[in-house]
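Those protein sequences? They're chains A and B, same order as listed. Residues in the first sequence are numbered from 0 upward in steps of one, following numbering that gives the first Met the number 0. Residues in the second sequence are numbered from 0 upward in steps of one, following numbering that gives the first Met the number 0.
Bear in mind the hints are in silico, worked out from the structure with no lab data behind them. By construction, the Cβ of each residue, glycine as well, lies at the ideal position given by its N, Cα and C atoms. One or more hints might be untrue.
To be verified - Stretches of chain A that chain B covers, calculated by requiring three or more beta carbons in the stretch to come under 8 Å of a beta carbon on chain B: (1) 303-313; (2) 478-485; (3) 630-637.
Stated by the list, open to error - To list a few chain B residues with every Cβ distance to chain A over 10 Å, as calculated: (4) Gly26; (5) Ser33; (6) Gly115; (7) Ala183.
Unchecked claim - Part of the chain A face toward chain B, derived, beta carbon under 8 Å: (8) Glu491; (9) Ala523; (10) Leu834.
In case you want the letters, here they are:
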Amino acid sequence: MMRLALSTLRGHRGSHLGTFVAALLAIALLAGGGLLLASVLTARPPADRFAAAAVVVAGPHEVKLTTTTTKKKDKVKTKVKTETLTGSRTLPADLAGRLAALPSVTAAVADVAVPVRAGTPDGRVLRGADGAPVIGHGWASAALTPYTLRSGRPPNPGEVVLDADLARRAGDTLVITTRTGTRQVRVVGVAAPDGRDGLPAQGAIFLADADIGAVAGTAGPTAVALLAAPGADTAALAAAVRDLAGDAGVHTGADRVRADLPGALPDYIGPISIFGFVLGLTGFAAVFVLTGTVTLSVRQRLRELALLRTAGATPGQLRRLLGAESVLVAGVAALGGAPLGIVVAEVVAARFRQLAVVPAQFEVRTYAFVLVAAAVAGMLVTFAAARLAGRRAVRIAPTQALTETANVPAGGLAPRLLVAAVTTAGAVALLTFVPLDGPLGIGMSFVATALLLCAVAALGPLLVRLLTGPISRVLGTGGAAGWLAALVTRAERRRVAAVAVPLVLMFAVNAVMLLNNALVADLAESEQAARTAPATAQVSMPAGLDLGTARRVAGTDGVTGAAITLPTRVVVAQGGKPQDYAAQGLLTTGTAPALDLSVREGALGGPETFAASAYLTRQHGWHVGDEVPVWLADGHQVRLRLSAVYERARGFGDLVLPAGLVAAHDPAGLVGAVGLRYTGDVPARLAATVPGVRVTPALGAGPAGDAANQQGGWELLMVISLGFTAIAVVNTFAIATVSRRREYAGLRLAGATPGQLHRLALREALITVAVGLTLGAIVTGVVVATFSTAQDGITRIVVDPLTYLAMIGGVGGLGLLAGLLPIRLVVPRRSLPALEA
Amino acid sequence: MRDSGTTVVELTGVTKSYTAGIRALDGVSVTFGSGSFTAVMGPSGSGKSTLLHCAAGLDRPDSGRVLLAGQDIGGLREPRLTRARRRRAGFVFQSYNLMDSLSVWDNVLLPQRLAGVRPDRAWARDVLRRVQLDGREHARPAQLSGGQRQRVALARALAARPEIIFADEPTGALDLATGRAVLALFREAVDDLGTTIVMVTHDPVTAGQADRVVFLADGRIVADLTEPTPERAAAQMMAVVAR
Ligand SMILES: Nc1ncnc2c1ncn2[C@@H]1O[C@H](COP(=O)(O)OP(=O)(O)O)[C@@H](O)[C@H]1O
Ligand SMILES: [Mg+2]
Chain A
0 MMRLALSTLR
10 GHRGSHLGTF
20 VAALLAIALL
30 AGGGLLLASV
40 LTARPPADRF
50 AAAAVVVAGP
60 HEVKLTTTTT
70 KKKDKVKTKV
80 KTETLTGSRT
90 LPADLAGRLA
100 ALPSVTAAVA
110 DVAVPVRAGT
120 PDGRVLRGAD
130 GAPVIGHGWA
140 SAALTPYTLR
150 SGRPPNPGEV
160 VLDADLARRA
170 GDTLVITTRT
180 GTRQVRVVGV
190 AAPDGRDGLP
200 AQGAIFLADA
210 DIGAVAGTAG
220 PTAVALLAAP
230 GADTAALAAA
240 VRDLAGDAGV
250 HTGADRVRAD
260 LPGALPDYIG
270 PISIFGFVLG
280 LTGFAAVFVL
290 TGTVTLSVRQ
300 RLRELALLRT
310 AGATPGQLRR
320 LLGAESVLVA
330 GVAALGGAPL
340 GIVVAEVVAA
350 RFRQLAVVPA
360 QFEVRTYAFV
370 LVAAAVAGML
380 VTFAAARLAG
390 RRAVRIAPTQ
400 ALTETANVPA
410 GGLAPRLLVA
420 AVTTAGAVAL
430 LTFVPLDGPL
440 GIGMSFVATA
450 LLLCAVAALG
460 PLLVRLLTGP
470 ISRVLGTGGA
480 AGWLAALVTR
490 AERRRVAAVA
500 VPLVLMFAVN
510 AVMLLNNALV
520 ADLAESEQAA
530 RTAPATAQVS
540 MPAGLDLGTA
550 RRVAGTDGVT
560 GAAITLPTRV
570 VVAQGGKPQD
580 YAAQGLLTTG
590 TAPALDLSVR
600 EGALGGPETF
610 AASAYLTRQH
620 GWHVGDEVPV
630 WLADGHQVRL
640 RLSAVYERAR
650 GFGDLVLPAG
660 LVAAHDPAGL
670 VGAVGLRYTG
680 DVPARLAATV
690 PGVRVTPALG
700 AGPAGDAANQ
710 QGGWELLMVI
720 SLGFTAIAVV
730 NTFAIATVSR
740 RREYAGLRLA
750 GATPGQLHRL
760 ALREALITVA
770 VGLTLGAIVT
780 GVVVATFSTA
790 QDGITRIVVD
800 PLTYLAMIGG
810 VGGLGLLAGL
820 LPIRLVVPRR
830 SLPALEA
Chain B
0 MRDSGTTVVE
10 LTGVTKSYTA
20 GIRALDGVSV
30 TFGSGSFTAV
40 MGPSGSGKST
50 LLHCAAGLDR
60 PDSGRVLLAG
70 QDIGGLREPR
80 LTRARRRRAG
90 FVFQSYNLMD
100 SLSVWDNVLL
110 PQRLAGVRPD
120 RAWARDVLRR
130 VQLDGREHAR
140 PAQLSGGQRQ
150 RVALARALAA
160 RPEIIFADEP
170 TGALDLATGR
180 AVLALFREAV
190 DDLGTTIVMV
200 THDPVTAGQA
210 DRVVFLADGR
220 IVADLTEPTP
230 ERAAAQMMAV
240 VAR
């Protein structure tokens, strides 16, 4: 069978080229997406600040919830769910002293790590290499890496030592801002780890040990690192430490790096969801396209299959032949696809590093198992699709080969209807029951799109029959080409469906993604504008603004109202599962409101209270007055009473907490913006009292840095998705055209000129494109309208007319081009009719 | 009845080779007069199909001249060549060459549609009736038997009322009765409509129906029989094969 498969492959290189191209790209995309996801999932912090320590103790960096459910027959089930924190709980101040007493410990260093906004006295902001955050420590922590002095001396109070990388950009004096305020410190030394200027992904400054507690605003250290005598038994030491450490984490070996402040380590949460989406999207598109391509190319070979039947091949042999062929083609494609996948991953990673979607230290690791899995998946899909398409094809009667044409026995309608019903029901369920205004909204709307696309593919020929009638009546008028195109498209429903489905895919996937993202961005922008509308101006400070200074800003003469906001993240639990949300600390002063959150119920403010977005309130079933446990950034749990429910949460956060609480428990804890209501010359007065302050009339600032990065990621994802689906469209058109050589030759012999055939192809492409765009617009319309309604109750279908038109024009234009180019190659303008049909 | 004195197709010294050295046609000169019915016979591979293709302008000779209704089609480039051909000539191919996705009726009208002329529906219906396909207008070629398809191909060639019909083994796949009917139809077209017919056949009985038989061997015309009978055609064929 393999030998026969090999020889039929050799004999039909052309007709397998389409499958090969689809399989190659599918495997490359699966491998690329898989490598990116695997790399980001296994990405380790790029450097270990505790390299010199044997054992490191650090407060838990996650919220851990254990739920115990007793089922019938006394079966007890325990579930542990965790959520990582952005900060860290501090350790008892006396812990270092107690640990120092353990045998083989030479020193126990109380390590403090605090995010610092650093700048020069003239207001220039200083960041670490590649825009990394700057973290402040006490000088004692230098020994843990170790950082050694290259020049100067250790810091005394009011002084600072910089890592060599920062030192290059800093002057003699450094201005540092933390949640405890702004200080000027004198640079007295430069320190660096062995062989490099600093640690990757974090800039380090060292303050006097006497200063660091006050600067960080914490009562105890964030970690205690133990230096041990050479040759000490680390495992035994760790066990001893565990007895004393309570619920704090004890880290040894490669795990030590996890003891560092979460904010000091690169964060892969954003990239994980983006790469997960990349893999999901490309994986779906690849499998979808590959299945369609294989089915189409098997159907184009019915005549040959029928001939094999007359030559004595049994249906079973044909099935095996199709299977063997497909595995061979996909196998050869995998040889190119897997390496191409590495290239894809590298290119995407490079671009993402540029866009700062991933940290500069992110590297693609070439996991063999991912490449193998992608290759196997590609081969399996090709094999399954070939067998499925062949299932009907091989039942072809041998006599069909003797006659002019080989027609597929009409496929069972029942399985098609069943698949369509199941996938449509799935899509409807998703669109109905998943809260699309939540964090899963975009992802779920994509899954619903995918399900609807499967339904369209299953119902393809039926839908095409419904549509080609009216469409071809319009597009098929005038001339022999139009007449013929209308007849052919109506007769060849399967082929039209096969070519139209990739167009539907291209339009729907990309339009849904573009339109939904545009809608969310628009809504976030307009909510931001509405939120800040009452304020006369927004005050921010590039070098960082602490709550105390913000209060002074709010207290400036002439200010009638102020709203101080501190961005943070908090964790709340639902059904035993801790979940992290963006939140804001809020302090309002004065009588005139400077922030309008559109409070729907209750009133903002009051001690021990919080406000929640309408979405979150609905999700958790809260009511005003409920008391809710909330974990703050450092893991500290508070019980707060829900005092208000507000609407305008987009680009802001789902919870609003007292500002003081956030400043006290978020290690960064700086003010994001201050909205001011005032009359008179407040800006001038501000400039005098708070140097470096920036007053902007309205908050014209774009989305926060994080959101902008994510946007870049989405755009790149769009490029990948558009590119792949475009290739799929061209590929399908090419397969369909090339396999029609016989038909075109026949038309030429019947008296058609090459020009007429080109016009025929154009008409057919027009009809096919119209069918594809109609179906694509329906799928897109359903998903986008539901998504839009879920956002703000307004049903939109087009969302952004320009984007919509561009999608129609782009997809339509590509379809026409893809329909026209291959026929120009198959039937050159001056060619004679082909007599060997 | 057309004036059988005029020439519809004239080939002069036509040579054609596909692979270097082997000449499918080797200096063939022949004319087909208007309203004449010519059979072309010869062993397999002797160049019969090639002769028809070159005469109809479907293929270009390497050298020599082809006049179709007085027009030198050797110098024509596409698409003018196709236009010239489809205005004057109909073709019935060995492989029927029907469009699968068109019904019998649409297949029959196809050449006229392509030529941009208003199809003569009454005549097309008449032709279909004569080939005993009335009632099958809406069938697809795939639903027909080989003989029925052959008749659709014939009806298509006749429906456009071309000056000349080239037919490559049109009765090859037909049973005796259908073959006779087809032949009768050709005869009728020649006698009643003045159509010129050039038909390749292996069957001396079929050839016997024609006004003239041209014998080909190795790309050359080796005999030219007028007023043939099946017996004379068969005898001449034996002689050609024995050469
Ligand atoms: N397309 C082609 N390519 C190469 N050789 C061809 C082609 N068509 C015909 N021939 C050769 O030309 C010669 C004449 O062929 P043809 O006209 O088909 O013969 P006939 O119709 O009498 O059987 C044969 O030797 C045949 O092999
Ligand atoms: Mg022949």
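Quick check on the hint: alanine 523/A CB to chain B CB, less than 8 Å?
52 Å, violated
Tell me whether the statement that chain B covers the stretch 303-313 of chain A is true, taking a Cβ distance below 8 Å and needing three residues at minimum.
violated (count 0)
Quick one: see if chain B covers the stretch 478-485 of chain A, three-plus residues with Cβ-Cβ under 8 Å.
holds (count 4)
Quick one, is the leucine 834/A hint okay against chain B at 8 Å, beta carbons?
6 Å, holds
If you look at each residue in the stretch 630-637 of chain A, do at least three have a Cβ nearer than 8 Å to any Cβ of chain B?
violated (count 0)
May I ask you to check that glycine 115/B keeps its beta-carbon over 10 Å from the closest beta-carbon of chain A?
6 Å, violated
Would the hint on glutamate 491/A be counted as holding, given a Cβ-Cβ threshold of 8 Å to chain B?
Holds - the Cβ of glutamate 491/A comes within 8 Å of chain B, reaching about 5 Å at its closest.
Could you let me know if the closest chain A CB is still more than 10 Å away from the CB of glycine 26/B?
21 Å, holds
Please confirm whether alanine 183/B is truly not at the interface, meaning its C-beta sits more than 10 Å away from all C-beta atoms of chain A.
Non-interface label on alanine 183/B holds, nearest chain A Cβ at 25 Å vs cutoff 10 Å.
Taking 10 Å as the cut and beta carbons as the points, is serine 33/B off the interface with chain A?
21 Å, holds
In summary, the numbered hints that this structure violates are 1, 3, 6, 9.
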